[in-house]
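Those protein sequence lines, which keep their order, are chains A and B.
Under the working numbering, the letters of the first sequence match residues 1244 to 1864, in that order.
Under the working numbering, the letters of the second sequence match residues -8 to 612, in that order.
Please keep in mind that the hints were generated in silico from the structure rather than gathered at the bench.
From the three backbone atoms N, C-alpha and C, an ideal C-beta is built for every residue, glycine too.
Any given hint could turn out to be false.
Stated by the list, open to error - Capping the alpha-carbon separation at 30 Å, the derived lysine-lysine pairs in DSBU-like fashion look like this:
no., chain 1, residue 1, chain 2, residue 2
1, A, K1736, B, K587
2, B, K538, A, K1266
3, A, K1534, B, K335
4, A, K1709, B, K587
5, B, K542, A, K1767
6, A, K1422, A, K1469
7, B, K542, A, K1719
8, A, K1736, B, K542
9, B, K587, A, K1774
10, B, K587, A, K1710
11, B, K538, A, K1767
12, B, K587, A, K1555
To be verified - Chain A regions said to be covered by chain B (calculated; three or more residues, Cβ under 8 Å):
no., stretch
13, 1729 to 1740
14, 1744 to 1758
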Amino acid sequence: MEHIRTTKVEQVKLLDRFSTSNKALTGTLYLTATHLLFIDSHQKETWILHHHIASVEKLALTTSGCPLVIQCKNFRIVHFIVPRERDCHDIYNSLLQLSKQAKYEDLYAFSYNPKQNDSERLRGWQLIDLAEEYKRMGVPNSNWQLSDANREYKICETYPRELYVPRIASKPIIVGSSKFRSKGRFPVLSYYHREKEAAVCRCSQPLSGFSARCLEDEHLLQAISKANPVNRYMYVMDTRPKLNAMANRAAGKGYENEDNYSNIRFQFVGIENIHVMRSSLQKLLEVNGTKGLSVNDFYSGLESSGWLRHIKAVMDAAIFLTKAIMIENASVLVHCSDGWDRTSQVCSLGSLLLDSFYRTIRGFMVLIEKDWISFGHKFSERCGHLDSDPKEVSPVFTQFLECVWHLTEQFPQAFEFNEAFLLQIHEHIYSCQFGNFLGNCQKEREELKLKEKTYSLWPFLLDDQKKYLNPLYSPKSQAVAVLEPNTVSFNFKFWRNMYHQFDRTLHPRQSVFSIIMNMNEQNKQLENDIKDLESKIKQHKNKQTDGVLTKELLHSVRPESPTLKTSLCFKEQTLLPVNDALRTIEGSNPADNRYSEYAEEFSKSEPAVVSLEYGVARMTC
Amino acid sequence: MMFFFLFSVSGNASTPEFKKKKNSECLLRLRHEGLLNSCPAGVASCPASSCPFRSPRSPRLKLLESALLLGPRPTAGGMEFSELIRTGRAQAELLRGPGAPPLRGTLCVTGHHLLLSPGPQATSDLWLLLLRSVDSIEKRVAGDSGTITLRCKDLRVLQLDIEGVEATLDIARSIEALSSLESVITSFPFFYRPKGLRLGDAWHFHPPEHHYKRVARETNAWRLSEVNEDFSVCPSYPRAVIVPRAVDDDALARSARFRQGGRFPVLSYHHAPSGTVLLRSSQPLTGPQKRRCAEDEELLRAVLAGARPGARGFIVDTRSAQAAKQARMTGGGTEAKAAYPGWKRLHRPMERGRPLQESFVRLVEACGDLEQSMDRWLSRLEGCRWLAHVKEALSTACLAAQGMEREGACILVHGAEGTDSTLLVTSLAQLILDPLSRTMTGFQELVEREWIQAGHPFQLRCAHSAFSHARPKHEAPTFLLFLDCVWQLGRQFPLSLEFGEGLLLALFEHAYASPFGTFLCNSEKERCLCEVRTRTHSLWSGLNQPKEQRKLRNPLYVLNPLAIWPSVEPQSLRLWQGLFLRWTRPPEPSEAAWEKVWQIVTDKEKTEGSQPTVSASEPQP
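Given only the sequences and the hints, what does the whole structure look like? Please build it.
In structure tokens, the structure reads:
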């Protein structure tokens, strides 16, 4: 690679971000085409993907060397001290180049090779089939049909080819409506509730300005409300704060005038825009990164960042949508400005509350494919995959994942997947290792030929399913249940495992999930063994029904069978490593924590007793 | 949990015989719960016209009355309880907060309880509340009915809608009078006689001799002194304390005179792996003249000599250096450096007394507001400073533990009186270091030894909880802070504590109001005078009944022989929702999740247990 000048630097120190003792790990830093790799003296490896790097900073030279601080998009922060300034400078420059690619073709996904052949790759891409998903929801049916209006991306470039619209909405109406909507994103079906025969639809803001009208658009909305046989009223949710929507009117955009549309109820829900969200997260990270943070500073920082307030707003909007469908049996049309950020959040979260399928591992993948990828959430711009406008970057999808996490906390048994699954997905929206999240809309993805040149993430996650299972999941009790989360303020907590994923000293030292998972597995194994043995007994009995079995059985009761002994021993051996692994996590090192900040007498250097490998180098699948 | 019994009493039986049978069943149940001896007086001397027990409409209660008369008649300081009860009975409806259906029936005040007996058509249960657990009472009248709001010490809020203005006022006054009785020997524990428990059981659960036996196994440097046999040397210490072998009883007595309240340094915990000890005391009475005491100095010298040659010591003073200095003006002070060679003082200011109580009150206030915005909630959570106190307590305890385990130093902890923050630090430090104290019995022993016998003034500190309108005098939630810290440890090391949240919640409730005698009085001396040990039941025997175990145990416990060092970063500390939001949040599915965990664990035990038997009978192939 032309950007790499130095590939290896020795005697580099890695500082712990939160430890006050200036103890550091010393090791060697390697720069590869795709990763930055640090191997410390204990041979522990820390891998950092170039695409994960959000910023690189070179601090002022110190006596021990030149500090290099790397902030990652997955909230990892590493602090190296490179002995020679020249090396530091070289690495700094290389990373600046490598972390910001100008072309899609230079992203990792195009070079990543998991050693699969083309048919395997294709099968991977076919794993999630949205047509199948709409069929599962119950469309097409007598009220909803597949429209071919956008087959060639002629009406809306950022929508998928296949769109579902009310049967009575003719093509001219659709075309007319799309001209009246920002970026041509006219109202289409996002989720259909089979039982209630109510629909969740999505679109962008109307180009209404102060007084403009569009008869086709009015017709289309009426068609949506008519497609609901139970309730003729439909809700139009503008997910923006009212003030923002009003300001848009001056630019010839705006929101629906209730007088012009029959049978609609209009509602603002007040989720802030991408710029507010971006700076909110920035503030949050600033507070968390503070060394020696006091409890009071933490909470006042959490408050002033407004982050949890925004999360609550998204959740409240989704609940509003759910209630409209479940209680009033009304269809809902959701939009924001362009209908690809807040609209995606609210539609997908609403669907998740309504439909237990989306709470399974596969269902969650489908949900992301449907409401985020296919409907044109601009992943590449929001995640900053390429060197582009930093003002377009915003943690909209992260917020969605955080909302889901809050739901898993409130309903520990309702989700098939666990927190690790959410974290892994978050990892990969930035990693550019798989093709799913590259590009900003389906059309762009097709032009990039992603399905031929890159791999899909989902089959890899499914292969690793065991890691992502929630051992407490009980599908039976929750199968039909609509989740009704409680959004009282104190139900929202700081998601430490996301924002401090790599700061291992902050985490619980033992994991309940992993031990329950192990137990569950052992249970299953033992139960299988029992069944196995019982069937063997049966077979044996059957064989000897006519004869001298009693004697032999009596004889065989003696537990001397060599096969039996070995099998039992073997089983114990397989169980043991699991326990060992847990045990090493149980202890922890007081030096990691900051008890002794007042007592300098205590700050003798001491060897790390337990070396923990929490979440290091996990992004490589 | 414990003072909230429910009895199923069927009310719609028609034949008198059947009724009689049912009534006797009800009485049997009451007797079983030990309530028959408890609330007789008020009922017995009620004017016939207004007493529910004389009412022809409730023959069930009539029977109850005759049975109640059998018990002893308690008096409140020469005055019969009946004089405090203005009316025995009223029709009322009880609202128990989210999740619980309202109850209608006849309300009745007795000497120690508030009873609600549902009408004859109701199918549900008799509801009981220990009056002692009422923290504040608020009455409102409108028209011909009234509302009483009871705020309980366990943070529950109950609302009673009562028919009749007079009745409302009378009942309110009765509750007010009865819930604030100060006399110990007329309190409910002296009348509580549950079936299945023997009086005097578990009172010798953990005498100092028991602890000494363990210490003596590990080291020979300490002895059990009975210098405080008659509580004359130190009224707040137990009869026997563990002291350095080299120091005789006379020296101890003299050292006691040099320490506030006579609390001379005694052994709290011997850390066998490092051979160091944890001591606790009160402040030395140096006064403005900087007095010294040769015996006190000798005592601490002997401690170091007994540990190992050249051992160092740290005095952890839980006050700021300035506060310790100021204490000299009032006769207190802190150890002069020159007088105690080998000992070094560390100041870790911890909040205590009034500010701690206020912090508790403000937190509970904030938790009661369901409508507040996210920002308001976060700023109140910050403003109340509760989690800052948790952090302080945990990090001071970690400092003490670290000093012993890592530095091999002896630690003496004291503040001023040595009965609050001192105990908080010593008990938490043991929990961190000592695997035995993390077991079910070990933890109960720890509470018994480091809080009850060590003279934490429970009666003064827990006289009122967070709702009381009375000006706090000696109230402080030090013990609750301890429980919260233990809960934090349990969250960070979910497999290392044998007990679960259930035990911590039970201890919180019983410390504030209990049918058991364990938390009565302020010291062993007072308990001796009141004959608590012979006349009341011990909480430990109540808790250790097999039927309670599932609620109290941690199903995931595995012995962890290592020290558990918690993270004290604000991101790692959480609000204890199970306690502070226990009654405000709706019944959450988290309980169901724990039930599932239990199920998995018991399944595992079952399958593991059953496997050998099946496999043993496996015939040889």
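For each hint, the structure was consulted:
1. A:K1736 to B:K587: With Cα atoms ~24 Å apart, K1736 of chain A and K587 of chain B stay inside 30 Å; holds.
2. B:K538 to A:K1266: violated (51 Å)
3. A:K1534 to B:K335: holds (28 Å)
4. A:K1709 to B:K587: Since the Cα atoms of K1709 of chain A and K587 of chain B sit roughly 19 Å apart, the hinted pair holds (cutoff 30 Å).
5. B:K542 to A:K1767: holds (26 Å)
6. A:K1422 to A:K1469: holds (22 Å)
7. B:K542 to A:K1719: Answer holds: K542 of chain B to K1719 of chain A is near 25 Å, not above 30 Å.
8. A:K1736 to B:K542: holds (26 Å)
9. B:K587 to A:K1774: Satisfied, since the Cα-Cα distance of roughly 23 Å is no more than 30 Å.
10. B:K587 to A:K1710: Status holds; Cα separation ~19 Å.
11. B:K538 to A:K1767: holds (29 Å)
12. B:K587 to A:K1555: Distance ~29 Å between K587 of chain B and K1555 of chain A Cα, so the pair holds.
13. 1729 to 1740: n = 9 at 8 Å, threshold three: holds.
14. 1744 to 1758: The restraint on the stretch 1744 to 1758 of chain A holds, since 9 of its residues have a Cβ under 8 Å from chain B and three suffice.
In terms of the numbered hints stated before, the structure departs from hint 2 and from no other.
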